[in-house]
Amino acid sequence: MSDPVGAQLLSRIGTADEVVTLRSLRDRIHEHMEGLLSEQPVEQFYTNLNEAHDALIKRAIALAEANLARMGNSPPVPYAYLLFGSGGREEQTLSSDQDSGIVYADPDDESGREAAAQYFSHLAQAIVEMLQQLGYPPCDGNVISTNPEWCLSLTDWKNKLNEWFEEPDWERVRYLLIVADSRSIYGEGGLLQKLKDHFYSDMLDNPVIVRHMLNNTMRHKMLIGVFGQLLRERYGEDAGSLDVKYGAYIPMVNAIRMMSIQSGLRETSTLARIHSLQLKGKLSAEEASSYAKAFRLFMRLRLLATERNVDGMYTNNGKLSRRKLTKVLIEELKHGLRTGKKLQRRVFKQTKVRV
Amino acid sequence: MIKKLALASGVLSLVFPTMAFAADEASSQMLNMGLNTLWILIAAILVILMQGGFILLEAGSTRMKNAGHVAGKTIFTIGLCSLVYWAVGYGITFGTDNVENETLSKIIGWGSFFFDPAIAGDPANDNYPTSVFFLFQLAFAAISLSIAWGGFAERAKLSSYLVFTVLFTAVIYPVVAHWIWGGGWLAQDGAQDYAGSTVVHLTGALAAFAATVLLKPRIGKFNRDGSANEILGHNQVFSALSVLLLWVGWFGFNAGSAVSVGDGFFAYVAFNTQLGAAAGAVAALLISWLITGKADITTTLNGALAGLVAITASCAFVDPWAAVVIGLVAGVLVFFSVKLFEKLKVDDPIYALSVHGMAGIWGTLANGIFATQVLADKVGVGQGGLIDTGSWYQLWVQLESVVVCGAYVLGASFLILGVMKLVMGFRVTEEQEIIGLDLSEHGTYGYPEQMKKAQQNL
Numbered sequence: 001m002s003d004p005v006g007a008q009l010l011s012r013i014g015t016a017d018e019v020v021t022l023r024s025l026r027d028r029i030h031e032h033m034e035g036l037l038s039e040q041p042v043e044q045f046y047t048n049l050n051e052a053h054d055a056l057i058k059r060a061i062a063l064a065e066a067n068l069a070r071m072g073n074s075p076p077v078p079y080a081y082l083l084f085g086s087g088g089r090e091e092q093t094l095s096s097d098q099d100s101g102i103v104y105a106d107p108d109d110e111s112g113r114e115a116a117a118q119y120f121s122h123l124a125q126a127i128v129e130m131l132q133q134l135g136y137p138p139c140d141g142n143v144i145s146t147n148p149e150w151c152l153s154l155t156d157w158k159n160k161l162n163e164w165f166e167e168p169d170w171e172r173v174r175y176l177l178i179v180a181d182s183r184s185i186y187g188e189g190g191l192l193q194k195l196k197d198h199f200y201s202d203m204l205d206n207p208v209i210v211r212h213m214l215n216n217t218m219r220h221k222m223l224i225g226v227f228g229q230l231l232r233e234r235y236g237e238d239a240g241s242l243d244v245k246y247g248a249y250i251p252m253v254n255a256i257r258m259m260s261i262q263s264g265l266r267e268t269s270t271l272a273r274i275h276s277l278q279l280k281g282k283l284s285a286e287e288a289s290s291y292a293k294a295f296r297l298f299m300r301l302r303l304l305a306t307e308r309n310v311d312g313m314y315t316n317n318g319k320l321s322r323r324k325l326t327k328v329l330i331e332e333l334k335h336g337l338r339t340g341k342k343l344q345r346r347v348f349k350q351t352k353v354r355v
Numbered sequence: 001m002i003k004k005l006a007l008a009s010g011v012l013s014l015v016f017p018t019m020a021f022a023a024d025e026a027s028s029q030m031l032n033m034g035l036n037t038l039w040i041l042i043a044a045i046l047v048i049l050m051q052g053g054f055i056l057l058e059a060g061s062t063r064m065k066n067a068g069h070v071a072g073k074t075i076f077t078i079g080l081c082s083l084v085y086w087a088v089g090y091g092i093t094f095g096t097d098n099v100e101n102e103t104l105s106k107i108i109g110w111g112s113f114f115f116d117p118a119i120a121g122d123p124a125n126d127n128y129p130t131s132v133f134f135l136f137q138l139a140f141a142a143i144s145l146s147i148a149w150g151g152f153a154e155r156a157k158l159s160s161y162l163v164f165t166v167l168f169t170a171v172i173y174p175v176v177a178h179w180i181w182g183g184g185w186l187a188q189d190g191a192q193d194y195a196g197s198t199v200v201h202l203t204g205a206l207a208a209f210a211a212t213v214l215l216k217p218r219i220g221k222f223n224r225d226g227s228a229n230e231i232l233g234h235n236q237v238f239s240a241l242s243v244l245l246l247w248v249g250w251f252g253f254n255a256g257s258a259v260s261v262g263d264g265f266f267a268y269v270a271f272n273t274q275l276g277a278a279a280g281a282v283a284a285l286l287i288s289w290l291i292t293g294k295a296d297i298t299t300t301l302n303g304a305l306a307g308l309v310a311i312t313a314s315c316a317f318v319d320p321w322a323a324v325v326i327g328l329v330a331g332v333l334v335f336f337s338v339k340l341f342e343k344l345k346v347d348d349p350i351y352a353l354s355v356h357g358m359a360g361i362w363g364t365l366a367n368g369i370f371a372t373q374v375l376a377d378k379v380g381v382g383q384g385g386l387i388d389t390g391s392w393y394q395l396w397v398q399l400e401s402v403v404v405c406g407a408y409v410l411g412a413s414f415l416i417l418g419v420m421k422l423v424m425g426f427r428v429t430e431e432q433e434i435i436g437l438d439l440s441e442h443g444t445y446g447y448p449e450q451m452k453k454a455q456q457n458l
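Chains as they are written, first to last, in our numbering: chain X, 1 to 355; chain F, 1 to 458.
One should not assume that every hint holds.
Stated by the list, open to error - Restricting the straight-line Cα-Cα distance to at most 35 Å, the calculated cross-link-like pairs of lysine-lysine (DSBU-like) are:
1) X:293 to X:349
2) X:342 to F:294
3) F:453 to X:327
4) F:339 to X:324
Derived by calculation from the structure, the hints in this document are not laboratory data.
Generate coordinates for the entire structure from the input sequences, incorporating the hints supplied.
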């Protein structure tokens, strides 16, 4: 972190030995970051915030690993702890859940395979529990390292990818999209590199996969109507609010990811993807800057979405309440949503042509 | 063709020699009366069958725990309404004992209580026997009453249904019906309400409005910050089916209001009815799609009904293009009206206020805009509207009838229901409402298996 207070908190994370210490550090970082919310440009804010999240998660993994080691269990083979979703894209907000997995090096023999599977299942358990204590709720969709499907050796991962490639249905293509956002946060990063080498193959050009990816990408619509009106929540506690997560941010993430996959780009963060797409000539400078501008707005608005503290977990409903939607903001938002819609249409058209 | 006809009639006259003279006046009057009677009775049956639509509509739009109550009470209230209308309501609307007293007969009719019709009509003087006219009019009164129940849904006591049925059928509905249809003062002014956008629908809707205001919203409908929750009905298939039943029944409602077969004008009325309903359904789906980004089924159903309600007043007075316009406007209107009532924090579970109230007002006023002189002359009520004649007169009369009838119904309903609320209590207890009226009012569930299972999970 660039400021002295933040830097100090960050360095203390690296030396904390107890979960409770980590938790109190997270709470203090949140307070600190909330104070910075209105001061820092949104990109810098996210960089700082994700640095802090990374530090916390890394420390939690290290502590969990050390706890197991104290009981005589050390990693039998090198591994990498993976983040998917917003963690993978380095776009975590103040309240993001755990989307995670593990890839480990191939053990030599059958008994080694069993031992490794057992060890990493325990490790995942310990890490997820610890992160829960730090206020990171587990993933609703069960994309989490404690799920055996997401905790595999490199070969098993490759086999799994092959399986998804060969019989791509809607669900499997969704998993492929999740993998596209993966990032190694701890351990042997080269393992993920190898996995990604396998991932970015000509299999991705299979028309069935492309079609499913396109459908998945277009599934969430920009929440702007034909008359240019915002499509707000109509009923319930959140009546009048706008679902910025699924009606602005996610559609944009999906569209840019789609373009990036088609161009073989390995960046995971959306802004970096936009930048690379421009360098590759897939986007004009003008387009890139208008998409990036809209995306920064959505990122900023995500931070304003209603926070909830449920059982000690930092959570967020992704919705921007009516109170926070000022006149100026609404105009800005409408402009951003129109830009996003244009992007979606563009991705749809250019992919349709190829399929 | 002519040859064939001539041959056929020749053969027939050999078989039935009297047929050659069948055109004598008495038989033609008899035939006319027979056909009229047959059509009016069919129309009455269709309108009574519309109650099936209301049963499904009300049940489908509400929750499972109230389904048996909501559906069953309609059968009871139709029964009670029939008896009260027979004893009192019909006499207040169409009674002619007081015709000499011009002032009083402008306000209410008197006579024909405990109605005892002649066993058959008199073909020389009448177009149909009064017995069939009674049945047809009773069916309308019962529809108006069932519309009012929309405001009671899911929280009124069963006893209040009983008391209100009696008073509505005796003193609210018959008075308005007398004003417009029974030779009362609005009829004398030329108010055009062919089949009852005002008389039946607006009357029912305003009674529903008074009820829903006095009852206050259902538990859980509105949040503390004023935002509304969506209390979804338990069966959208019921609701859709109900709309089809009502739609079909509406041909009896509108085309039956010709109360004659004659030259087949009633088919033109039916034709306009279909156009209005169709336009309402289409407009409502499209507007909800455009505004909210989702094509809403409930809105579509409401749109079809709003189209029907709106065209009810005007079906005999307007050209086909106008029927389409009236339906389209009704479909859009109903969408915004639902949003408006929600904003005003008026809980309208069956959307009666929007579908029957707003669309009823619109349909009545639409006559003042779209009625043509030719059709007004044909029906023999009022005159052409703004577009055809350039005269504001008919629109003014229509506005007058809406405002006056609306004010009377609203005043009378608030008074009656307000007194009921004070004297006997209007709403069930919170506990009863949460358990559901099936259990609290009748002791058994409409869906026993599902509800018992749900209770065990509590």
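Hints, one by one, checked against the model:
1. Between the alpha carbons of residue 293 of chain X and residue 349 of chain X the distance comes to roughly 22 Å, so the proposed pair stays at or under 35 Å and holds.
2. This hinted pair checks out: residue 342 of chain X and residue 294 of chain F have alpha carbons roughly 20 Å apart, not beyond 35 Å.
3. For the hint pairing residue 453 of chain F with residue 327 of chain X, the CA-to-CA distance comes to about 49 Å; that exceeds 35 Å, so the pair is violated.
4. Only pairs whose Cα atoms come within 35 Å are accepted, and residue 339 of chain F paired with residue 324 of chain X is accepted, the gap being roughly 22 Å.
In this structure, the one hint that does not hold is number 3.
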